[in-house]
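Colleague: Below are the chains, spelled out letter by letter.
Protein chains: 4
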Amino acid sequence: MIRVALIGSTGYTALEVARLLLAHPQAELTVATSRSDEGKPLAEIHPSLAGRCEIALQEFAPARIAEQADVAMCCLPHGASAETVRELAAVGIRVIDFSADFRLSSVPLYEHWYGVKHPWPERIGSVVYGMPEYYADEIATADIVANPGCYPTSAIMPLAPLVRDRLIENDDIIVDSKSGVSGAGRSPKLGTLYCEVNESIAAYAIASHRHGPEMQDLIHRISGESVQILFTPHLTPMDRGILSTIYVRPKLLEGDTVETVQTRLMGALRHAYQGQPFVHVVDHIPATKHVVMTNHVQMTVRVAGEKNSPGRAVIVCAIDNLSKGASSAAIQNMNVMFGLDATTGL
Amino acid sequence: MIRVALIGSTGYTALEVARLLLAHPQAELTVATSRSDEGKPLAEIHPSLAGRCEIALQEFAPARIAEQADVAMCCLPHGASAETVRELAAVGIRVIDFSADFRLSSVPLYEHWYGVKHPWPERIGSVVYGMPEYYADEIATADIVANPGCYPTSAIMPLAPLVRDRLIENDDIIVDSKSGVSGAGRSPKLGTLYCEVNESIAAYAIASHRHGPEMQDLIHRISGESVQILFTPHLTPMDRGILSTIYVRPKLLEGDTVETVQTRLMGALRHAYQGQPFVHVVDHIPATKHVVMTNHVQMTVRVAGEKNSPGRAVIVCAIDNLSKGASSAAIQNMNVMFGLDATTGL
Amino acid sequence: MIRVALIGSTGYTALEVARLLLAHPQAELTVATSRSDEGKPLAEIHPSLAGRCEIALQEFAPARIAEQADVAMCCLPHGASAETVRELAAVGIRVIDFSADFRLSSVPLYEHWYGVKHPWPERIGSVVYGMPEYYADEIATADIVANPGCYPTSAIMPLAPLVRDRLIENDDIIVDSKSGVSGAGRSPKLGTLYCEVNESIAAYAIASHRHGPEMQDLIHRISGESVQILFTPHLTPMDRGILSTIYVRPKLLEGDTVETVQTRLMGALRHAYQGQPFVHVVDHIPATKHVVMTNHVQMTVRVAGEKNSPGRAVIVCAIDNLSKGASSAAIQNMNVMFGLDATTGL
Amino acid sequence: MIRVALIGSTGYTALEVARLLLAHPQAELTVATSRSDEGKPLAEIHPSLAGRCEIALQEFAPARIAEQADVAMCCLPHGASAETVRELAAVGIRVIDFSADFRLSSVPLYEHWYGVKHPWPERIGSVVYGMPEYYADEIATADIVANPGCYPTSAIMPLAPLVRDRLIENDDIIVDSKSGVSGAGRSPKLGTLYCEVNESIAAYAIASHRHGPEMQDLIHRISGESVQILFTPHLTPMDRGILSTIYVRPKLLEGDTVETVQTRLMGALRHAYQGQPFVHVVDHIPATKHVVMTNHVQMTVRVAGEKNSPGRAVIVCAIDNLSKGASSAAIQNMNVMFGLDATTGL
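Going down the list, the sequences are from chains A, B, C and D.
Using full-length UniProt numbering, read the first sequence as starting at 1 and increasing by one per residue.
Using full-length UniProt numbering, read the second sequence as starting at 1 and increasing by one per residue.
Using full-length UniProt numbering, read the third sequence as starting at 1 and increasing by one per residue.
Using full-length UniProt numbering, read the fourth sequence as starting at 1 and increasing by one per residue.
Okay, chain A solo, but in the shape it has when bound (with noise of 0.2 Å):
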């Protein structure tokens, strides 16, 4: 049994790896820490866990951490987090880091878009990103696994393969992406308040948001292409799920219809993820209703323009923020490190 510990234990994305991990056949939650409720019950700060699970939230003490865990799932929010991970790593734990803090490749990225001064800068550029379907070898191996952002995942998954086979523009792409409310966090703010949020979309951080360097960012490293993306959120009157609708300008090739088009884009993305058990091409337009509350994705793409004059293709691609964007992925990455198959648990 891997041995987890779960760093910041009080919000969505915690109480989600606790509850994945109390389904999990070779993993159990062993420790679980919150600065704010220390000696309570885990089961408390999450009532679904009643009787579910005994664990109660200890101090942050990463050497009494390193003998009751194998690794640890770090859920605090970007630039408290670099610092914890440091101290987890110094004892020796392996850590799938929930923040922002080692995701970009380079510091005066992050520097920019997060507005602080990183507090391990001589990692940033060798710590993997826990994208298994990309890089299951490097994380394989990890002392510190990158986990990435919910954003993020819903368009790097459709658009990385496209632009790696040179078959979109690369300064050409919108991504309007529509995340249930789960995904801002479980701190009392007026602005996730029930009465705020329900029966209301609304978009926010328009060509602002730090997920969407963070796309540019994993997109080049993929492909080895620049991309220029602009990022529109919205925050949807839903618990989970994330909806990406992506315009792209397909390149075009002599005699291209609407049909030849759709058909190269369909058959890039399947084939960049034949056998991935996760990653789903479908022929239907994904609704965020089949994938939330799994590991799963789904992505379709349809082609604009009359037969014979092909125009921008429109993906459509669903995940799950709180699964495949943040908390089964890290099961899924640690599957990977510990040697499981990628579906354990999941």
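In short, the hints are calculated from the structure, not lab data.
Please read these numbers as outputs of a predicted model, since none were measured by experiment.
Hints are not guaranteed to be accurate.
Ranges between beta-carbon positions, derived for each pair [as the list claims (entries may be wrong)]: (1) S187(A) to A23(D): 30 to 40 Å; (2) L22(B) to L190(A): 15 to 25 Å; (3) A205(D) to V107(B): 39 to 49 Å; (4) P188(C) to D37(A): 40 to 50 Å; (5) T257(B) to A23(A): 47 to 57 Å; (6) H112(D) to S187(A): 52 to 62 Å; (7) Q228(D) to A61(A): 21 to 31 Å.
Chain A residues, not near chain C, derived (Cβ > 12 Å throughout) [to be verified]: (8) Q26; (9) E38; (10) D70; (11) V71; (12) R166; (13) E196; (14) L252; (15) T260; (16) R312.
Note that beta-carbon positions come from the ideal geometry of N, C-alpha and C, so glycine has one too.
Assemble the complex: chain A is given as a structure, and chains B, C and D must be docked to it using the hints.
Modeller: Relative to the frame of chain A, chains B, C and D by itself:
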């Protein structure tokens, strides 16, 4: 035009008052105060008012308000409200108070349930309860009106006539109420975050909610009878609306059947609210959707039991907690206070 | 009092018309027809009208309606509607048609997109599009008004002025719209069952929805410019509201920065809608919650790109699909047709 | 591996069974039948299974199913189900029946409440009720298991021990239940359209729902006591979950206080479910969110009244109507039938 001052302008009931006044042909909002957001446009706090309302928030200054307004709608929390109402009354402004400070008929009852010393105990007992269906004459001349609680409105309206007419047992009444989340206010709290309450229903404050004694007190004042109510509120995943399912034991007469009891109870309610423009005794079972965004009340009765052996009666009553349960009821009270038809602007 | 007939009374737009007329000081519902529910009280079909509306449904008999009503609101499906409108016009009743039958300016365009022969092709081209912000004079004297589509309203209102003023490229417009479920109507279908759409967002009819050509056609009529729009609608888990996120490419001038472009586009919209009581160009990013249950429109612009290298502009526009997207727009049209202030009863 | 056949595969409970089997380590779905969609892939009917399930729907052919499956989960409507169960039993397949056809202990009771002649009355009385907390031994060897109703599960589990232990009055029990919409099934109906039920709560079938007699019958079978239950179901705007708020009158002992009664009732429930992995008697008040997507049950008790004058007890019980109220309960039953640990795959 009646000039209206809004005291405490940042919450949902205040927004609802502002919204209703925009459509009122004989009243207008002239003042809005806020301790926390003084100076800001009201429309910045409530973006739905953008382009529709020019008022800026000002500090609370009774003398100045007396020059600008004929009536104040006081949307402050209990305790704080009574003090403010006293200051407004002192400068001659008529007040409709949304808090519970003047609803109950006895100081000890108030202090027991609200856990604070009453700031102006002398006025307890001489403030009219703002339910024009029962107290229109007193409201017409009142200096202060205690605007009813939301849950109490949904229980008093169907119960008071039945108790007054001696049709049900007074000591065996259960009120099981389901409320939308707006009843919990607009202050950020974990318990009203979207992801905590969405897709979930929960009971709270079982047999210990302050609106229980308010129901008992008012039914006693209206009917002259003491009643015993077991009250359970529930938080329901919707913005607005209260549905109260009320279990009572009808007094039976010789030869009563399910049908005769049903007819008697429905008849008593129909008679009690004949000519009341906002209260509808209906044949269908009301849903909150039938009344939200209106000042209307829908209620019905179903008698349980075998044909010749009538059992309990189940009463269902639906209101909108922010409308008839708060802000539109206040407008109705204002209309009555200023000699307008009760339905004006509603 | 304007006497209004409702033709096709069982759907959501019909209920919304009835509800708005109850609050209208100078119009009243005098007739409501229904093929399927003839004889039933309208309030039985729409229980929210219980106790508030005495009208019973009657069969469709144009001659009798001509005696009872001054204007008909025709809430029938496309195809069926044109025939009915013709019969109403024949007996001299002015008509506001909610269907798409008279919205487009060419018969082939209609027949291509709607897949049926137009029942009254002679009138195509001589029916005014019921958007009083552009066509108030024609509406004032019209015998037939084509009430705009919901999605088109949310796109035409922000785009038409920018195209007319030559501020954006005409051939690179993407409209990504998110609509509440009421837009799909009240006929029982698997796709609009609660458990199919709740807690889920989905794209549909990608680049193939009939409202795309309606947007293009109207913007052309308003601006004289041909535009190319890629339109993707999404079904969003909420009753009402449309949010359109619109991606356009601004025409750049020498020395333009993000800020100058932003100022120019916002300025053009503010100028276009100056004095329009229902259209608000706002600084905040609109959410559908800011406009639902009103006839109001909120829109804003955000320009992407680096400071001195402005990129695309993102326009966000929010309306209520059942209000400004259907029924309150019809009331606004009626007001204009009968010489009332456009805001009467709204 | 246990081979499972799904009979009637297009509804929500069938999807839930398929979903649970995908994660079950010792059972697999081998057959899925459907009258209406024969030949289609199951994943076309339920797009959340895309890429995860290769099964195509076949017609119902008992002999062939007998070769392909060890157990059938029969998700048909009442009446139709009994006939099918009989055919399956005839070819030696063990059956878990989701309908009500074999839940009640008497033919007249069934025929009175369901309004149809029972197709296989001989088996009434000899089919075990699939609640392993009470009938594990019978289930282990059963050929047919009647899977419990959703509302009954939420009422029987807290009430049966209290009645059996003679702790409450048998003739004064009120069950006020709130259910998510999935309980109403997946057939398109006006009453379960999104816009009819969203943002609304409504009572229905007051004192006349078929699950009332099922509760009474089962509590009688478990406890030997006859009980009288007044049952009111409510449709709540959420996908899944049932919360039952249950009002009972405790039998009082000399010197009882609120506290002693509370302790006695909680103690009895804790004792009854000691060692049961899915039933949790908790101190907090359960919300449906604490149990949805699980097979778990949470319940608690609050006693009303003044300190030394205990009144009614209010019991709150939360389950997921599609899980413990249907499909995961069926998996639990299957586990018991095939000698697995009851928690396998759950």
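Colleague: Should the label of R166(A) as a non-interface residue stand, given a Cβ cut-off of 12 Å to chain C?
Modeller: 22 Å, holds
Colleague: Measuring Cβ to Cβ, find out whether L252(A) lies farther than 12 Å from everything in chain C.
Modeller: 16 Å, holds
Colleague: Verify that the Cβ of D70(A) lies farther than 12 Å from every Cβ atom of chain C, and report whether the claim holds or is violated.
Modeller: Holds, since 35 Å exceeds 12 Å.
Colleague: E38(A) clear of chain C by more than 12 Å, beta carbon to beta carbon?
Modeller: Given a closest Cβ separation of 34 Å, the condition holds.
Colleague: Using the Cβ atoms, figure out if A205(D) sits within 39 to 49 Å of V107(B).
Modeller: Since A205(D) and V107(B) have Cβ atoms about 45 Å apart, the given range 39 to 49 Å holds.
Colleague: Tell me if the beta carbons of S187(A) and A23(D) are separated by a distance inside 30 to 40 Å.
Modeller: This hint holds: roughly 32 Å between Cβ atoms.
Colleague: Is E196(A) truly not at the interface, in the sense that its beta carbon sits beyond 12 Å from all beta carbons of chain C?
Modeller: Not fine: 8 Å to the nearest Cβ puts E196(A) too close to chain C.
Colleague: Is the Cβ of Q26(A) farther than 12 Å from every Cβ of chain C?
Modeller: Holds, since 31 Å exceeds 12 Å.
Colleague: Against chain C, does T260(A) keep a CB gap of more than 12 Å to every residue?
Modeller: 16 Å, holds
Colleague: Any Cβ of chain C at or closer than 12 Å to R312(A), or is the non-interface label fine?
Modeller: Violated: least Cβ distance 6 Å, not greater than 12 Å.
Colleague: Is it true that T257(B) and A23(A) lie within 47 to 57 Å of each other by Cβ?
Modeller: 55 Å, holds
Colleague: Range first: 52 to 62 Å. Now tell me if the beta carbons of H112(D) and S187(A) are that far apart.
Modeller: 55 Å, holds
Of the numbered hints stated above, those contradicted by the structure are hints 7, 13, 16, listed in ascending order.
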